[in-house]
Each structure stands twice: as C-alpha cells, then as structure tokens.
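Based on the sequences and whatever the hints tell you, model everything.
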Amino acid sequence: MKTIEGKIVVLGSQGVGKTSMVVRYIGKMFSHHISPTIGASFFTCKINIDDTRVKLQVWDTAGQERFRSMAPMYYRNANAALLVFDITQYHTFTAIKNWVKELQRNVEEPMVLALVGNKTDLVNQRKVTREEAHQYAVNIGGSYFETSALQDEGIEEVFLNSAVGMIKLSEDSQCTSLRVYDSSEAGGTTAILQPPPPLSAAVQLDKGPSPGEQERVLACC
Amino acid sequence: MAVICPHDVVNMASTMKSNEDLDESGENHEGKHPEGNLLHFEPEVAVESMLVPTDSFESFEQEAPAGSASLQPDSNLLKCQNTEENTPDKVARDTDTNVASRSISELSLVSEECIEHQHVEEELSNSKEWRSQEKHIFILSSAGKPIYSRHGSEDKLVTLFGVMQALVSFIGDDGDTIRSIHTQGTSFLFLIKGPIILACVYKSRESVAQITVQLNYVYSQIVSVLTLEQLTRIFEQRRNYDLRRLLAGAERLIDHLLIALETQPALLLGAVQCLPLVSTTRDAITNVIVSSCNKIKKLVFAILVGGNQLVTLIRMKNFFLHPADLHLILNLVNSSESFKAAESWTPICLPKFSSDGFLHAHVSYLAEDCQACLLLLTVDPDLFFPLSEAKQKIVEKLRRASLLQSINAALAHTGTPVSQLGVPEARHFLYKCKATAQFWGPVPAPPYQTTEGAKRLLDQYRVLHHRLHAPAQPLKLLYLQDNAETMLGWVTTGFELYVAFEPLVTKANAIGAVNKIVRWIKKDDNGLFITNAPTF
Chain A
1 MKTIEGKIVV LGSQGVGKTS MVVRYIGKMF SHHISPTIGA SFFTCKINID DTRVKLQVWD
61 TAGQERFRSM APMYYRNANA ALLVFDITQY HTFTAIKNWV KELQRNVEEP MVLALVGNKT
121 DLVNQRKVTR EEAHQYAVNI GGSYFETSAL QDEGIEEVFL NSAVGMIKLS EDSQCTSLRV
181 YDSSEAGGTT AILQPPPPLS AAVQLDKGPS PGEQERVLAC C
Chain B
1 MAVICPHDVV NMASTMKSNE DLDESGENHE GKHPEGNLLH FEPEVAVESM LVPTDSFESF
61 EQEAPAGSAS LQPDSNLLKC QNTEENTPDK VARDTDTNVA SRSISELSLV SEECIEHQHV
121 EEELSNSKEW RSQEKHIFIL SSAGKPIYSR HGSEDKLVTL FGVMQALVSF IGDDGDTIRS
181 IHTQGTSFLF LIKGPIILAC VYKSRESVAQ ITVQLNYVYS QIVSVLTLEQ LTRIFEQRRN
241 YDLRRLLAGA ERLIDHLLIA LETQPALLLG AVQCLPLVST TRDAITNVIV SSCNKIKKLV
301 FAILVGGNQL VTLIRMKNFF LHPADLHLIL NLVNSSESFK AAESWTPICL PKFSSDGFLH
361 AHVSYLAEDC QACLLLLTVD PDLFFPLSEA KQKIVEKLRR ASLLQSINAA LAHTGTPVSQ
421 LGVPEARHFL YKCKATAQFW GPVPAPPYQT TEGAKRLLDQ YRVLHHRLHA PAQPLKLLYL
481 QDNAETMLGW VTTGFELYVA FEPLVTKANA IGAVNKIVRW IKKDDNGLFI TNAPTF
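Chains as they are written, first to last, in UniProt numbering: chain A, 1 to 221; chain B, 1 to 536.
These are calculated hints, taken from the structure and not from any lab test.
Incorrect hints may have been included.
What the hints assert, rightly or not - Sample of chain A residues lacking proximity to chain B, with all beta carbon distances greater than 12 Å (derived):
#, residue
1, T19
2, V23
3, D182
Stated by the list, open to error - Just the calculated beta-carbon pair ranges, DEER-fashion:
#, chain 1, residue 1, chain 2, residue 2, range
4, B, R245, A, S31, 24 to 32 Å
5, A, S31, B, T263, 43 to 51 Å
6, B, N515, A, F30, 51 to 59 Å
7, A, P72, B, N318, 53 to 61 Å
8, A, F30, B, L477, 55 to 63 Å
9, B, R399, A, M29, 23 to 31 Å
10, B, N308, A, S31, 31 to 39 Å
11, B, D283, A, D182, 41 to 49 Å
Glycine is no exception: its CB is placed at the ideal position from the N, C-alpha and C atoms.
What follows is the structure, given as structure tokens:
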C-alpha cells in the first residue's frame, strides 16, 4: 500500500475558527471555550483513499498578528494550506488575500489550496457571499468550501480534498517535499479516521469547483 | 488641568516628530543564543534581586535607562510655546529631583481634579463599581495611546489615559521622572519603561516597592510576548502605534498575571513552590528527561510543572533560569487551555534570560491521564520534531517506571495542613529558602480558607514583607500583634519565615513554635524543595 506523508498548514485571522475546525475533525468534538492558539499546534491524522494512505501533519497556526512573523516557520515545505475565514467578518476574507500573496512569494513547490468559509451556522449574518469566495478560490487555483465547526458541517470534505490533492501532487515529479513510500502492512488495519471513499466521490463533495478546477489547483503556485 | 494640557499637546507633537527618521531594522525573531547578566537559580547562589523588592526595582531601572530620556521633549520648543506657566507647577517642578517617591501636593490636587472631571464625563469611570475597585492597572504608550486597563475597556477610558500621559510628560519636561503621587487613601504609581507607561492606582496597603515589582512583572509579560527588540522597534518606527494590535490575545495573560499577583504569595516572595515529591522519585523523573534529551543539542531548559508547582527543571550547563522568568512560564501554562489540546510550538521570550529574542518552546501535557505540563525550550526553530520524539520517549519511560502515577498522586494531594506539624499556636506560615528561590506553606486552614480570609492573610504577609525589606531600614525580626492575628517575620541568611499566629499568643510560645517549624522544614527538606540543579 502506498503511503504519502504531507504537511498541511491552517492559516487565517484570529477567531475565525481554525482550531475549532481542526479539533472538530481530529478530536471529533467542539468546545465553546477554546483559548487562542499560541504559536502553533501540531496534530497528525491519517486518511485512506482507495489504495493510498495519506498521513497528514497538520499545523494549526495562531491567527494573532504578533505571530504573523513566525508564519514562515509553519508554512515552509507545506504541501497544502487551508485558508480559513469567517463568513460573517469581511475583513477576515480580505486577510486571506495577503496570506495567498505571501505563500505565492515564499513557497516554491506546488501546493493544494483550500479556501474555507467557516461559521455557516451564522448564515443570517453572512458578509461574504459564496459567489465572491468561490470566484476568488478559482482565481488562485484553489477550491472553496463552506463549513461549520459548531454543527460539524463540511469539514471532512476539506481534509479529504487536501488529501486527494496531495495524492495528485505525489504523481507530479516536481514535488519533492512529499514523502511517498510503500508501506508493508496490509491496508486498512491500523487506525483509519476516514472510511475510504471513492476518489471521485471526494471531489464531488466539494461544493465549489469542478474536477477541472481541481487540476488547476495542482498547477498553481 | 488647564495648566497641564498645553504640555501634553506639545509633548506629543515633539516626541512624534523626533522619531520620524529612525531606522527600519529588519525583522529578526530568531532566538538568540543566551548570554548576558543571568541571575542564578541554583541552590548555592542566592537570588538577591528576587528577594528584595527594592533591589529588583533598581535592577529593572538599570535595564531600561532610556525611559525618561526617550520621553524628553524638545525643551526649546516647549519653552517658547508655554509661557503661561503658573506658580503651582513651578513649585512642583522645583522640588528635589532626587527623591524617589514624593508627594507633590499641588500636583496631586491637579490630578485629582482631572480625574474627578473625567468621572463626570466618562460613563465607565463614573460607575460606582469601577471606582470602588481596590486596584487599577493601566498601560499606555508614551504617546498616550491606551494599551491595557485591568478593569473595564480601555476604549472607554481614553481621556483618563490622556491625563496620565500628561502627568508623565509634565514631570518629564525637566528630565525628571514621575514615580508616585500619594493622596489620602489612594496612591498613584507610575513606571516608565522606554515607550511604555505603566500606572497603578491603588487603595491597598501595599508598598511602593511592592507595586513597582508588580508593574515590572506586567512589563516583563509584555516583553515576553513581543521581545524588547520588537517593542522598541515598533515605537521607533511609529510613535503612535496602537500596541493592542500586537497584544491581541495576550490581555488574558496580563489579567491572569495580575490575579496571581493579587492572590498568590509566590510572586511577592519571588520564589516558586515545588510539587512535594520524595527526592528519589524526583531524581528518577529528572533522569528520564535527561536521558531522553541528552542527544539534543541547543536544548536550553526542560521544565515539568503541575498544578502551578515545579516538578523538575533541567538546564543547559552554565545557563540559569530566573524565578521571574519561571513565573512568566507558569503564567503562560496556567492561562492557556489550548496547550491541553495538542502539542504546541510556541515562541516565548524570557526577559531575564534574553530580552531580545524568542526561545522556542515545545509545550505539551504528559498524557490524558497525567496533567503535568512539559516545556522543552530551545534556541533552534527547527527542533520541533526531535523534541516531539523526545517527549514521546519521556512519557513512555515515565509510564513504564510508574512515575506518572507518582506525579498524579502528588498532584492529587491536597497539601499538608499546619495541624500536622504539631505547632497549635501557628495558623499559617510561609518558608522561603533563599538559595533555591523556592518556598513552601501549608494548605490554608480556618480562618484563612475563605476568599476574604486568604486575602487578609496575604495582606498581612505583604506588610511583614515590606517592613522586613524596607530599603531605609531592613529588619531581621519583626513581631506584630493586632486584633486578628499576631504576625512574626524572620529573615536569616538562609531563609525567610513569615508566620501567622492566633492573636493572643505569647512571645515565648511564638518563638518556640518558630523553632519547631524550622526543625520540621529541615527534616522534611528533601520532599518540599528541589535541592540539586540538574543539567543535560
């Protein structure tokens, strides 16, 4: 069974729900009392997709401005980025544009980009339209997702999409930062967080771009 | 008020102007290799500056001599724009500049008027609850921008911050520095640290030296978050920068620190409490950490803490951790729930260790079933994965040796009550071992188990501490009898002891009890204090 090890960095302004999202996905829980992340937190998880196991190293970064200058330490050699904003706060969406510029400037290898609008449970206070966010995601060659960490909606798709993106990256000879190896153990015997869905299903789950746009993800940056 | 305001405006204008052409240094947040004046945290060496508040006050002063100088306005500009000065101010300005703490009647009248005036205008400062707070802490930039207020939103206190800035600038005009204003019942204390002004308005019985130490702690907390280098650079580039942008999320660290200052004796004593453990157990834990980390170069400190107490501390040879830095680390751990969720990789500046750069800390709790927090501090930003592996090894070894259980048992222990010591006259005491900067006290029993009781006890200890360490006349022994309790303080070369007795105790009984306490502490020394200073 083929195993891919990749690094995924979660970026975005403070209070948009980065940690809530990661903890919801990895810890399967939601806490109303999450304190701000200091520096960055590190998580790992595994996703099985068809006959490939993807090991994700997730760096959940702090959104506060004082950690901004530390960010390169966390996104260096990352294979995927989750760019998280709060759909009820327009400025958090604007901030994503700076993150994208910074990544484009500083990360040489191709990268899977996922734009994530969080807090859909507050949809009646929405300030960022789905169309605008989707259009922006297309422009940067990424995919757009909407999630609610509170109600556990859409988060699995985000990680699944990143994992699928990394599998495609691993087939790309340009990409040297992904670790790919054949694992000797039989597939599916160790802890699997995700039931292995068919590849096509994973892409369909994506509410935004078509598989064609998915291709562009891989070519970006 | 009318006298001070013109100064204020001029000062702000001149200070802003004078900083426009300063250099833009590149960003450098690399942890620098530690060097410089480190105070010692090993048993053989006394930690002088932590013991005597005045000493630490002076040492803090020495660290940032730029304070008043950088605030110095263009005096010529000021003189020509400010011709209507009237007499009260002249009197104030002519008073002796060398007195550390002075009461300027004219000035305090002015300030009270100002504050009264604000109270009418401001909704918040007019509120009874806000005004009745025993102690206020304010932080502002030298340009008068609010940074922090202990009670209430600083946005609603903007004019009050303006008054504080005006007072500081007014005295600063003469190249002098305002330290404190004393009125009946309320004192105003100022501490100027480069581009930052810290102020405390308090009605409590604390001394100027004690409050100064507290403000220095708050300042250290800010440096710990930003580094001195970054703090200085920001204000050099933009005098009127709103520091709250960079401190976002760090207010709770300051809140938490201030609560600790108000409720715990540790910071008053400048010492830490250790988790009581049999010395062989503690040594075994230490050895596990050392053996798992000794291949990792550039690891400066490994610190294991639990329940706000130190379990063990291992350091790189020739480097020491100052208790004040350890307090900042404990404060960070205690106020950050997020560390419990996952491994963290966190920049932290330890001001006494090196105020210019960050150390990188691998922070994690040992296990779901053992809530002790391990911090591995390094100067190398690329060391996360080696440290993460080392942590796994440490936990495995501790688990195999049943040491996690030992830690859990010690954490679950509620503490020794004073009744177990066989000294019925004593209600409570604090014993500080000077050489190791550690202290121990029994778990509070009636009448100190309530919040009010605990507060009164700490107040009594503060008074004792202040009198014993008064800069003008330090004492070795002090016996104070009042209605609620009799207090005894004793300072020797090796330890400090503060005891609360029942009010009717006789001197002979008190002395007998003190001797028993000291004998008991010595007998049980190994479990209560860390007496060795392990290195990697």
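**Earlier hints that do not hold, by number** = As far as the earlier hints go, 1, 2, 5, 7, 10 are violated by this structure, in ascending order.
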